[in-house]
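Colleague: Residues per chain, in single letters:
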Amino acid sequence: MLGSPTKLIRRGKTRNLRERSINKDYYGGVLIIIIGLGAVFGGMSYQIGTLSEMGPGFFPAAVGTLMVLTGAIIAAEGLRRKTVATDHDPPPEWRGWLCIVGGIVAFIVLGEYGGLLPATFGIVFISALGDRQNTVKNAAALAVAGCMVSTIIFWWMLQLQFPLLRWS
Amino acid sequence: MIEQSLASLWYGFGVAFEPHNLMWSIFGIVVGNLMGVLPGLGAMAAMSILLPLTYAMSPVAAVLMLAGIFYGSMYGGAISAILLNLPVHPPHAVACLDGYPLTMKGRGGAVLGIAMVASFFAASIGILVMIFFSPLLVKVAFKFGAAELFSVMLLGLVAGSTMSKGSPVKGIAVTLFGLLLGIVGTDANTGAMRFTFGMPGLEDGINLIALAMGLFGVGEFLLHVNRMKVVGSGLKMRLRDMRPTRDEARRSFFPMIRGTLVGLFFGALPGTGPTITTFVAYALENKVAKNPEKFGHGAIEGVASPEAASHSKTQVDFIPTMTLGIPGDEVMALMLGALLIQGIQPGPQLIVSHPDIFWGLIASFWVGNLLLLVLNMPLISIWVKLLQAPYRYLFPSALLFIAIGCYSANNSLFEVGEVLVLGIVGAVLIYLDFSVATVLLGFVLGPMMEQNFRRALLLSHGDLFTFVEHPISAGFIAATALLIAAQILVFIWKGKRKTLEQPA
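In order, the protein sequence lines correspond to chains C and V. Count along the first sequence starting at 1, add 2, and that's the number in our numbering. Count along the second sequence starting at 1, add 3, and that's the number in our numbering.
Mixed in with the good hints, there may be bad ones.
What the hints assert, rightly or not - Straight line, CA to CA, 27 Å or less: simulated DSS-like cross-link-like pairs of lysine-lysine:
no. : chain 1 : residue 1 : chain 2 : residue 2
1   : V       : K388      : C       : K139
2   : V       : K499      : C       : K26
3   : V       : K290      : V       : K108
In short, the hints are calculated from the structure, not lab data.
Model the full structure from these sequences, guided by the hints.
Modeller: Next up, the structure:
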């Protein structure tokens, strides 16, 4: 199995021994180019200056230029290997993703307008629902346990500056 | 010189045994050990979740706790790799190859015993190297000016991004992205706001905790939700099972020493990740073994050597972090960040101005490694039970800790929003096969690199040759160029081989 350890390292993820999908390289490269361009334009708007008297924009613009270059290499590499078999990734996990993101958003919103307890309940309950094996009852029980931890450990013992409940 | 080091070490033990420091050290070790065992959490997640706690601590206690988490989780990672074939922590992926087959043969306990002894031995050697080489390196480091600092950081970044996991070009690209993230906020020289998008919360830059938790916590959860296979098995482990046979001990001895040396070598190279170290150690054992066909089917040599390598490397990694202020990998970057939060600038002056941190840390390594050896034996049966804790309870609870941890950084919900955005960014990057670990390296080094780059060119009146005119700096630049050239050669060679194999 370990005929070629370097190959295992190269592959990025050890569990994944299949050829990488062309799309991943291509889109990854494009993403890096876009971010790099953003940095270059941002840097230009902050004053580039000269080599001996650098303005705040010099470094971001330089980093951005390098990003565009590396991004182009990555994307070109992705295009070149078009014939290679693609990666079979598991299907998108929308439920899990939505619940994790939703849970954190709930923490922010409920924390702002409700306080620590509703925020805690929200993040644990909603994100727990993201796992297909959790039932509503399970998730609620876990959320209640989370509230107790928040109250006892964070609010009471560690004196977290976050009111348990707030009205406004 | 040596007496002085020993005297300082003695002082360090005094610091490490202060009840307050010892308590946090033990706390870190136990929590790290626990998080290391659990699938889906690792050293980085554990350290970032507990980083907010350090705000209220003294700098010494903070560093000791973080270090404890780190090596505690390394021991823990070995446990889940060997007993359950779970390569959740990449450096321990090799331990699965031979550790798990041995577990299937009923020798799991003995393998763990060997792994722990090898780890302890290697860590001790690494600590010795650290004690005697750090003061030497400090002497050199005092000669460093802006040009040298910039060049050595460049070398570290290039080595870190090209030699860790995945494609080298992608590694460089994400490291640059990390540098860019480090730029966000107020420019130290001119006070100009850069990439803040008009948000006052970003004026002080992106929060290190939010970045670490986003990339290594939220990002990982997004990828693992509903995809984590829980490997429950009725594994039972008793203390008695952990004693290896005489033959097993004999066969592990030299691999352990070779592994330690491999670790020392890679530790001295800046930027090389722990994963490559363990793979090289494994490959080396495979080469020198009399019976290489046994590898992959339960050769104890294949566990002893990589485990030793990862631990000696870990210790040696602390040298550049503490003496030059230049972290070798993402764990060290986080450690450096924690020191910076405390208002302490690691660098050559650290040993002199904060001897308690430096020598206390070294002494605590020994105390901690010994504690782990003692703790792990009785705790293993508990860890094995915990391994069966379902992920569906684990990640919502961890998410709560992350949210509260980020909030406590500034007592504001803005950081929680940051962690969400950075988590999504991290998940996208991981999905596109970028290794996000170097983002953190770039983030921590970014501001320092920019400062030194600007200062060096200000002093040389804009002459770029200043980086090759200073001899030390020229050496680092040459090493960097060599690394890049080597990568290009490997790339060309591989391309040729591929076309030979499959003419298309």
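Colleague: For every hint, state whether the structure bears it out.
Modeller: Verification of the hints:
1. K388(V) / K139(C): Within the cut-off at roughly 24 Å; holds.
2. K499(V) / K26(C): holds, 23 Å
3. K290(V) / K108(V): Holds. K290(V) to K108(V) sits at ~24 Å (cutoff 27 Å).
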